[in-house]
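**Q** Top to bottom, those sequences are chains A, B, C, D and E.
For what it's worth, our numbering labels the leading residue of the first sequence as 1, then goes sequentially.
For what it's worth, our numbering labels the leading residue of the second sequence as 288, then goes sequentially.
For what it's worth, our numbering labels the leading residue of the third sequence as 621, then goes sequentially.
For what it's worth, our numbering labels the leading residue of the fourth sequence as 990, then goes sequentially.
For what it's worth, our numbering labels the leading residue of the fifth sequence as 1244, then goes sequentially.
Derived from the structure by calculation, the hints contain no laboratory data.
Some hints here could point you the wrong way.
[Stated by the list, open to error] Under the rule of at most 27 Å between Cα atoms (straight-line distance), these lysine-lysine pairs were calculated in the BS3-like manner: (1) K513(B) x K1099(D); (2) K927(C) x K689(C); (3) K1227(D) x K513(B); (4) K479(B) x K1068(D); (5) K624(C) x K926(C); (6) K1099(D) x K1068(D); (7) K1310(E) x K1349(E); (8) K479(B) x K1133(D).
The structure displayed is predicted, hence computed values, not measured ones.
Residue-level listing of the chains:
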Amino acid sequence: MQTILSIAIDALAFGMVLFIICIGLSLTMGLMRVVNLAHGAFAMIAGYIASYAARDLGLGYAASIFLAIIGTIVISIPLERFLYRRIYGSPELTQVLMTIGLTFCVIGITNYFMGPTLKIIPLPEALSQPLDVGFRTIAAHRLFVIACGAAVAGGLWYLIERTTFGIKLRATVDNAAMSDALGVRTQVVYAISFAIAIGLAALGGVVGAEFLPIEPYYALRYMVTFLVVVSVGGAGSIPGALIACLVLGFVDTTGRYLMPDFGNFFFYAAVILIVCLFPRGFLGRAQ
Amino acid sequence: MHIMAQAGTVSAMPDAKSHLWRDAAGIALISACGAAGYWLFPDNLALLTRIVAVALLVLSIDLVVGYCGVATLGQAALFGAGAYAAGIACVNGVTEPMTLIAIGAIAGAAAGLLMGGVMLRAHGLAQLVLSIAIVQLFHEAANKASAYTGGSDGLAGLMVSPLFGLFEFDLWGRTAYLMGLVLLLLVFIALKFVVASPFGMLCRGIKQDPVRIRAMGAFVFPVLLKMFVISGAVAGTGGALAAVSTQVVGLDSVSFELSANALVMLVLGGLGTLYGALIGTVIFMGFEHVVSAFNPFHWMTMVGALLIAVVLAAPGGLTSLVGKVAASRQGKP
Amino acid sequence: DTIKVGIIGPFSGPFALQGKNFQAGVEAYMALNGKSVKGHDIEIIYRDLPAANPAQSRALAQELVVKEKVQYLGGVYFTPDAMAITPLLSQANTPLVIFNAATSAIVNTSPLVVRTSFTTAQTTNPLGKIAFNEGVKKAITVVSDYGPGVDAENAFRKAFEAAGGQVVEAVRMPMNTTDFSPIMQRVRDSGATGLFAFLPSGPPTLGFVKAFNETGLKKAGIKFYAPGDLTQESDLPALGEAAEGLKTSFHYSVAHDSPENKKFVEAAVKAIGSADQLSFPAVGAYDGMHVIYKMIEATDGKQDAKKAVDAVRGLSWTSPRGPVRIEPETRHITQNIYLREVAKDADGKYINKEIQTFPDQKDPGLATQ
Amino acid sequence: MSDLFRVENLSKSFGGLAVSRNISLSMPEGERLALIGPNGAGKTTFVNLVTGQLRPSAGRVLLNGGDVTQLGAVRRVRKGLVRTFQVTRLFSDLTPEEHVTLTVLQREGKATRILSRFRGNTHVADEVHGILGTLGLHEVARRKVGQIAYGQQRLLEIAIALALKPKVLLLDEPAAGVPSADTPRIEQALERLPPSLAVLMIEHDMDLVFRFARRVVVLAAGEVIFEGGPSEVAADPKVREAYLGNYAHARSVA
Amino acid sequence: MPAASLDVRNLSAGYGPTLVLEDVSFSVPAGARLSILGRNGMGKTTLLSTLMGMNRRYGGEILVGGKDLSPLKSSERARRGIGLVPQTRDIFRSLTVEENLIVGIKDRPRNVIQEAYDMFPRLHERRNNLGWQLSGGEQQMLSTARTILGRPAVLLLDEPLEGLAPVICEELMEAFTLLASSGEMTILLVEQRLESALDFAETVLILERGRIVWQGASEALRADPGLVEHYIGVGSLH
Ligand SMILES: Nc1ncnc2c1ncn2[C@@H]1O[C@H](COP(=O)(O)OP(=O)(O)OP(=O)(O)O)[C@@H](O)[C@H]1O
Ligand SMILES: Nc1ncnc2c1ncn2[C@@H]1O[C@H](COP(=O)(O)OP(=O)(O)OP(=O)(O)O)[C@@H](O)[C@H]1O
Ligand SMILES: [Mg+2]
Ligand SMILES: [Mg+2]
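Isolated chain A (complex conformation) (with noise of 0.2 Å):
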């Protein structure tokens, strides 16, 4: 029974983690029809520039999420000026090799810049503690990102799906010529939901470093295991997004804990089984 509680809460906190780094993914995979593979590169640029902010400035955690955030969108801008704005509404393949050829240059660039090694963020005394929870402990942290996610996924969903601007991405979205033709200024709705998604990335990076630590291949390392989460919970899809979080992660944490050795067969069946159940994600937008 406590060995179930304890892998109950290990798969809820490892769900929560994939779920706030993946958001910012689904969010431009399922409503701006990005497949912006070069999310995790942000998550990381993030994550450096915390790592930085935590250990060279001397900043707090706080502080140093905020300036990550933050210094994430600046550097995403030119980007999105630049590069992003001539693949929105391109075949999905196209901005595969475009955000692909991106990474690439970004961890081209880190390594150079910032070396191959490790960097790690700091925690405040508060979230390092381990946690007693009764039958075991826990690492606080792992409950601060689990408010995090859940946080991030009300404020999404009702941004998304309640308010006018919310609205106004998905029908630019669904016919970019035609909410033009009504009067959107689909350009700088675009480039607004682009800057929330980076800002999503760049705090998923930063909290989700303990799990995921950053190093400059990160941007490649983890790219599968996002798109897969992604797609599995029905691109666009908040709710889906949660629901895949926690099944996969769940089905992950038990195949580690009873099977380690199989631990990737579980994962990948489970994922085929789910897309064979639900061949659009959980929760896919009908297209």
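Start from chain A and add chains B, C, D and E with the ligands according to the hints.
**A** Using the frame of chain A, we list chains B, C, D and E with the ligands on its own:
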């Protein structure tokens, strides 16, 4: 795109005969390039052979992505199936190279049947993810079955007997390259026939609107599955060629990375023409080779820059540039 | 004249740091010993092989031999890559000096292979006894599921059971594992009092060590042993406090206290650019260059692979890691293995502090074959 | 059972919304039937149910006395149950010629052949040009469909359906978007159809409906509210109110 | 925004290198109604979408209320008073009916959506359905309602009656006429059914191969069957 399309309507639409001529010219050009590679870079034949093997893989991706619209990031599963089948057969005493290639092709086709059977249940992104899951499972299986595959150490010690009993697979790789080149040409010609057949046209239709195809009274699933099998055979041939020419098979040949790279090469060259697959492979691998020799430490940035530049200059892939140039000539009378 | 040496290693990609260390070792050696041997200038040609990829490895080796006309091949980080090259060697008349690839069997695949690194069995072997002597009767092994991981598992089990302990469970985890909590739960449930782990150096080690601490295993007093890959010096700044006190066994610590090592570290840090990045592959490369220099000396610049290899059979010298010898039969390096502990040095920097020496260790992996 | 085509008690609902309720209808050989009704009455849904794009919640579809309700869309087409789409579904990269050629090849069971050439067959080409000519599409036969005017795309929809040599043809607003000057083209094409063919046409262009149909079925809110000859329909007050408005009036005056 | 005049001067446009519209000039006073006729593929749709800014323009000017809008992107033109109901409807398939309408209202308050529901009660019934689930006619209603909600000064209608039931057609034409005559909008209508087009508009313009070949009062056209036959085809007028 408009420009290119318009060019077709301005000039008289090429009919069946001129299509044939164009393909004949294309194939002659490819043979010439292949032969030129042999004479110009006699010291790089190992690389060129590898390019040929990967070109087969990229061609096979073009069949499903470019002609059927089924996105896949798992094609290396088929390549790897061919490579391992040939490798295992070779270790177990089948050493005749053409037999090994045939074994690879059959194994690839079988893997294609399996993969198609699973992947064609889903659509869009979900489909892409299925392909990733499949290649990861293949990878894992190859790692686990180390008694047969050598696991992560790779399957080494392939002793391939001389081609037709005459030509050794030597250090310089001449035999391997020429054999690969001939294989590639044969496959390319065969595929040109496939895509120009009614079956090929049906696939293009399915790519655009499967509902419409069904309303025309044609089944979608068996057609796509057939294409997967063909594509598997082509990928398997590539895998077997890689195994025969390098005499080792590693886990990288069933990896996601290889699949992804191959897809990138295809998109770089341009989808749905077969030529794009060849151009993309040669440019990508050639460029990578040159810059990584030039600067082994930071070449990745340059490859990235190349990809971005291609998207900005020729979003439809390098082959679309050819069309553009032709169109702009005609556009200015 | 110029003698060319071709070096294949991961200079980009996720293992770029290891490749950088190759380069640092090579440059350090050349800086300290000159760029020519007996009047023959030596030119190094680097080729990048970012991840295990035998086909590409073979193509690169072939190109180095055929096109660049190198007389010596060196480097090679991954076993499959080495395996792909060895069949070429006799036809190419070129020796291969392995700077890293650590599976025992490689040296058997061609008489022209010499290895100056280590094998996983070699570095792991002493841990079995150490663990038992520290009172661990029941141990669990946790390794990454690939060749070296399995080697490490076997080597530990053998040594530990020979000492009288019992391995109660052997866990192999997929390479791309990022969340280790379930594994730690498994360790806890196994009832073992000692944990033996093997992970390739890189980002996952951080998560592994953190998970060990956070799930309370450290507090529970479970003892943790691993070969030194886990606490590679370049990871230490990040691992930091979490790894303090961790005991690992390895053939080389950057903190090794000897005049040879001081000289080496100074030169290598200069080459690599930052003291944080220097770790064990550099010493493999450094000694590899030593072997290659000796080969060139013996053949006087002529291409004769057999003569070159024969010249270094039985060669012994004092390496930055301590006294070493190339076994005449196996052509693998015999060396001291050290038990080390992660600790702070005088400047507050984390180091692998050597606390015990097991002299003259051959490769037990080969002895069994 | 002399009816070529018969629908019994067909029903369908989406969630709580009943879109088709107990629709029964039959067509003998040679029937020319118009299906009209207000927007959202369920006409297209009816066609979707009949041709297998949608599964009915209840009811049966019979062709030549055989139950086809359980068959998929493809099998129904092969049995001769063919439709056109209200919103055109065409391949924007292919030319009209290629569309029709593909259709003819598929009808003859040659579309999955790998070892023959797409354009190799002259007798197919002749048939294709015949069909394209009938609908006045020969001029644009070799342009990509994405570049021809919408009205022409509508005609191509019909061309594809004709190329399948159907037994029962269901036309979903074939004339929408086709200029009134060009509707005669469609009418001519329809007139040239084999007399044994049963045709059901959905259309809001009443002139066309009244010229074409010998029988009219009116659907409203998923139910058949009227069935009869054209002049009876125009006279029916229920139909006038729900659908025709002043049209009937205008017509009787004219 | 009250109705504004539209002046088109020497407009040329096309796709890629092909010119579809050549040197088209005409003007419509504020609050007037103009019908555009022409056979299939003669450039009617191209004309409207060029006015909206969704097409490449090679030359010429587009003046709304005397101000040249031709350099602007379509979103800015929309904000300055042009509105288009496209032939292909272009509803947002993944949005609900209500959300589709919200995109159309521009910066007006949300409750003006009621105007659309008053115009098409059917849409109110379907307000929570997604766009792709709508029937053909419902999509047409939605497309029209969405554009009208934005209160454009110049309304461009590309075959807005296609697929609508005759009752609705009549009501809709009346509504359009009212919008124009009450001075709220200037309306350009492309319509295949000659009679409806002539009934609706005061003036008519006929396009052939991208050029204006006839322009004049609709009564004049109605009175001259030969003219109709020449430009539009036989049997158009009963
Ligand atoms: N998938 C669906 N989910 C929910 N409602 C649907 C779906 N498909 C159709 N409907 C609804 O069913 C009703 C009937 O639609 P249908 O397309 O059959 O109408 P129609 O009679 O063809 O109308 P029109 O003349 O406008 O084309 C419409 O109100 C439509 O909104
Ligand atoms: N995207 C495009 N690319 C190239 N040519 C096009 C494109 N769209 C339309 N055309 C061409 O432009 C011409 C005018 O087309 P347009 O759609 O404006 O005609 P239309 O008068 O609206 O016809 P319809 O009555 O059928 O709607 C046609 O010859 C058509 O082939
Ligand atoms: Mg309908
Ligand atoms: Mg039009």
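**Q** Determine for every hint whether it applies to the structure shown.
**A** Evaluation of the provided hints:
no.: 1; hint: K513(B) x K1099(D); result: holds (15 Å)
no.: 2; hint: K927(C) x K689(C); result: holds (18 Å)
no.: 3; hint: K1227(D) x K513(B); result: violated (54 Å)
no.: 4; hint: K479(B) x K1068(D); result: violated (33 Å)
no.: 5; hint: K624(C) x K926(C); result: holds (17 Å)
no.: 6; hint: K1099(D) x K1068(D); result: holds (17 Å)
no.: 7; hint: K1310(E) x K1349(E); result: holds (21 Å)
no.: 8; hint: K479(B) x K1133(D); result: holds (21 Å)
In summary, the numbered hints that this structure violates are 3 and 4.
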